[in-house]
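Number of protein chains: 2
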Amino acid sequence: MRKDSPLDLFFLGPKSEQRLLLKELVELVVDDYIFWRRNYHPKDPPAIPYRSLQGEAAEDYRARFHQELFELISDLKLDVPFFSPRYMAHMVSEVALPGLIAYLATMLYNPNNVSLEASPVTVDFELEVGRQLATLFGYDPATAFGHLCSGGTLANYESLWYHRAGKFLPLSMALACRQEGIEAPADLPREVWPLLNVPLPRAESLFQNFSSRAQELGLDPIAVLRRWSIGAFGDAEYRLQVEETFGETYNSPVVLVPQTAHYGWKRSAGLLGFGRRNLLAVAVDEAFRMDRGAYAEILRRCRDEKRPVLQSVFILGTTEFGSVDPLPELLEVRDRMRENGLDSAIHVDAAYGGYFASIFQPGQRSRAPDEACLGPLCRASATLHATDSVTVDPHKMGYAPYGAGAFVLRQGFLRHLVAEGAHYALDTQGLPHEDLGKFILEGSKPGAAAAAVILNHRLFPLNFDGYGNLLMDLCRLADIFHGRVLARNDALREADAPLRLLSIARPETNIVCLLVVPEDARTLAEVDALNRSAALRFGVRDVASVQGYDYLVSKTRIGSDTPYVRGHPFLSTLTRDRDSLTCLRLVFMNRWVSGETHEGREYMDDFLESLEEYVTAELTGGE
Amino acid sequence: MRKDSPLDLFFLGPKSEQRLLLKELVELVVDDYIFWRRNYHPKDPPAIPYRSLQGEAAEDYRARFHQELFELISDLKLDVPFFSPRYMAHMVSEVALPGLIAYLATMLYNPNNVSLEASPVTVDFELEVGRQLATLFGYDPATAFGHLCSGGTLANYESLWYHRAGKFLPLSMALACRQEGIEAPADLPREVWPLLNVPLPRAESLFQNFSSRAQELGLDPIAVLRRWSIGAFGDAEYRLQVEETFGETYNSPVVLVPQTAHYGWKRSAGLLGFGRRNLLAVAVDEAFRMDRGAYAEILRRCRDEKRPVLQSVFILGTTEFGSVDPLPELLEVRDRMRENGLDSAIHVDAAYGGYFASIFQPGQRSRAPDEACLGPLCRASATLHATDSVTVDPHKMGYAPYGAGAFVLRQGFLRHLVAEGAHYALDTQGLPHEDLGKFILEGSKPGAAAAAVILNHRLFPLNFDGYGNLLMDLCRLADIFHGRVLARNDALREADAPLRLLSIARPETNIVCLLVVPEDARTLAEVDALNRSAALRFGVRDVASVQGYDYLVSKTRIGSDTPYVRGHPFLSTLTRDRDSLTCLRLVFMNRWVSGETHEGREYMDDFLESLEEYVTAELTGGE
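Sequence order for the protein chains is V and C.
Plus 440 on top of the position in the first sequence (first one is 1) and you've got our numbering.
Plus 440 on top of the position in the second sequence (first one is 1) and you've got our numbering.
Everything labelled a hint here was simulated from the structure, so no lab data went into it.
Worth double-checking, as some hints may not be accurate.
Same chains, same names: a pair is fine if it fits in one copy or spans any two.
Claimed, not checked - In the BS3-like style, the derived pairs of lysine-lysine whose C-alpha atoms are separated by at most 27 Å in a straight line are:
| # | residue 1 | residue 2 |
| --- | --- | --- |
| 1 | Lys878 | Lys463 |
| 2 | Lys517 | Lys706 |
| 3 | Lys463 | Lys706 |
| 4 | Lys483 | Lys878 |
| 5 | Lys483 | Lys517 |
| 6 | Lys706 | Lys746 |
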């Protein structure tokens, strides 16, 4: 089914088809860099005399270098062939050529993007990427704040750090007014609960108002607010301070995430100190999307119990199933609850799925066709503009080298409330703008990552001319694969085979989860055992050579009490002797999976055949 | 004064002296990788047909690629010449050649070190680096836990995350015993305050004891402890739980840092939610080292007020002055206080200075001479083994590419108490060891960073054969430079010049801070203005070409009420009309600073002359 496409050119290719281009560009950037050095104060003499480069010590060193490097690159050969269409396991692939070359070119210069003095060029790249992503999500790039970080997990911590500052901003303004004799803005609520439920855009206008009043008194509004912020007191003492000032306190804030949330969210509860018990998991439906009714129910409970909601996390592309939370419906629920006095900021964990939004940005030449399989993704993407922040990982569907995550905040003014700076980097006199380091969690970060992402985006824009086209193809491939699984299962049934093949849900992005099921299974344990065995067969092992891998897929687990299992006509009849079921997980990152092996079979079909063969042998061999 | 040295060969060289080696090795790793791909299922046909590589679309793409890449590398030429001996500004330099090549080689393979399935090779590199660093600091590599992260700021957050888990472990065991009917170990204290002051090594043996009792009851001790951990409840609710169970509560824990601590520590107080007001700054002495008496005083106050100390942070190499806290004396203070019922874990922020410990590790061929200027560093390094954890940045004095930070924990067992895992990465059946991702803050990280650090260490071992030798040279250069500043100041005084040159302290590592002082200054403002002007003259600007830089130095600020300013015979006489003074900061990362310009002057002398010239003109021009 494959057609040649300019999309192919984004990558080196599974057979290093574009090797000449890679080599040419590597040579270009290395030579260009070498001679940049030589042109800086050209008359200064060499530091390493030519003679000493020929000496015995230098020869020894080079010999050792070669030997150690050989060992290293020999070890690397046992790494996983992510580049191959035979790899359909995790959300990792080959790095796109532009990003790779840009990373190399920039690493030579070694800029550190926390400080303008250490990265006058690449900080601009990073801020440009931030604006591009803000635009992609429908935020106003002039007032949003977007930047890169080492990965999505960090960006998610940052969302909590920022939204905690935003959540408590009105309360801190009220505290500051009472304590420092500033006249409170007229529309600033007077009581704790409504102060904890001011929507962020309104908090921003209150903040403007507060600031001018503070300035009239000769006070620095940011300094005053920092003094009365939750970050100054810490969670426990801030509550005491609030109680002392207002005569009433508040309950522990909660964070709402779907049951499918990445494990990093649990860790964030420990790290940020709000507690794992206050991370509430919202039930998902049979296709692993946050359930609208369950979300409404939990918000109602929070309102009734007066539990402030720090943020609600919706997921655009779960890492386990690729499912997409129904953002429009969920936002409606939040909006209705807002009118009833309970507010929640919305953070979208699109670490995995953020780039899919580019499918729906028309390019100069073309736009995405309306395809049924893209419906949920389309509706969610179109709703992003109404959310408060987004995490997205350029090192996932952006095909940039690790580590390149990003955090994009709609209400960019919040950054001034969390800012912290170093003496040696505070003054930016003579430089074009503020240091990034003040507003982010990291203390140093490679400018090379910013260059890699920007070059990827320049050659493959964030619309249907570039990423959109590529990612739509991957979603379609997943949908086609899902269809083949269904067809094969029908064939197995007709042939009275001992095996059933289930695709867990129609894919909403580019992930398909499979279950192999013994036709005569009585218990979940039997199903689990068969899938474990298959996962081991097609999993990464401690190998002597990668040649041993024909196909690689990954695995995950599905809880036995999920709507999927409980609602399944067959699985629900089995004895529930296991808490969870192992299943196979395929992530389609590589368009060439629809290409053909040397035997003329499509890779995806060939894999399914190998899987059937292996599993059938397991089933019949065991008899 | 410079001699040729094999140390020079670690780097490309300011004139790209080792360009042939760089090019040869780049070509090797790229070719080697290209043909690795081609050898995986060699009979599978190419995915991009040869013909389509010659087509118009491909030509267009390559044209755009060249154009965009040219623009990118032209922008990069305006980056800062970190590689040059004329750059003495921030703690950044060129990347060492082995690290650079290893990063490139590994980036091609694109491993992600959070999961063995995505990095079977490079996770081993990372754990090996962890053991090397543990050994360097005197920890037992078999029981310590060390790993890489994106940078030291993150490693410092991690120290708090881990030590919070450790601090509250005994209390959580006591809670769990009462609540789940487990018999408490005999030597587990019964009251809250002593439970919050159990030294970590004793906590570990209590934990072993607790675990076997839990297991006897058929309970999973980790699961039980996680249920009763502070991470489960969150800070505020955990306190309530403790009060309910024990009938008494505890005060907010504090974190102690020297006044010189990196700004990231303030941020950590907001991020982890313990509050900036609970981050207590311990006074420093006139050379910017934590004051022993002040530390003892603050610990006494904490004991008297029953304020638990989450951790004390000592700094080995402050980023502003390169000063080294007197670890042996400070540890003695802690030990004495331990006997008086107050314990504190010790975390060493050696993000900057950790690699200097390699000076005191004898190599196979040689060992460091006893030099007076290395005394404080030597004593601090020899005490690291008695601390609880260390942050160190291979991307600083380890000359690795960004981002490569590291966290090393002596009591590695703590990692099981914070572990969190993903379903799709939990099982490591068939693989040699556990996933790293369970124990760290990040959710993805480049395997390339681990490869870069390991190759640097293999060619330049962490002892006097490798890093130790290089870093000792840099400390010596700083000391020599400091001496020259003193000598020049004497000369200026004798010549009745309008200028004085101060070196703020004898360097304890490789940083020298300078003040240029108008001889007739009456106020701190005058001194500040002159230094600001000099900092601008020798600082990074928004340039059209790097050729405009002759020398680059950085700046920092010194508080007007620091012992240095208050104790200085001249500065202390000036009107204190400023809170802080700008000063010039020079970081010696480059041995070639003692080489000669084309005019035959040593770079460091030439810089001093340029500085004097500029500042004198400012002073006399202003008259």
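- Lys483 and Lys517: within-copy, between-copy, both or neither at 27 Å Cα: Between. Shortest inter-copy distance 19 Å satisfies the 27 Å Cα cut-off; intra-copy 44 Å does not.
- Message: Checking an output row: Lys483 and Lys878, CA cutoff 27 Å. Within, between, both or neither?
- Response: Classified as neither: same-chain Cα gap 39 Å, cross-chain 53 Å, threshold 27 Å.
- Give the relationship of Lys517 and Lys706 under a CA distance limit of 27 Å: within one copy only, between copies only, both, or neither. Neither: 35 Å inside a copy, 43 Å across copies.
- Query: How would you classify Lys878 and Lys463 at a CA-CA limit of 27 Å: within, between, both, or neither?
  - Reply: neither (39 Å within a copy, 38 Å between copies)
- Should Lys706 paired with Lys746 be assigned to within, between, both, or neither, using CA atoms and 27 Å as the limit? Cα proximity of Lys706 and Lys746: one copy only (23 Å, versus 31 Å across).
- Within, between, both or neither, where Lys463 and Lys706 count as close if Cα-Cα is 27 Å or less: neither (44 Å within a copy, 46 Å between copies)
Consistency note: the structure conflicts with the earlier hints numbered 1, 2, 3, 4.
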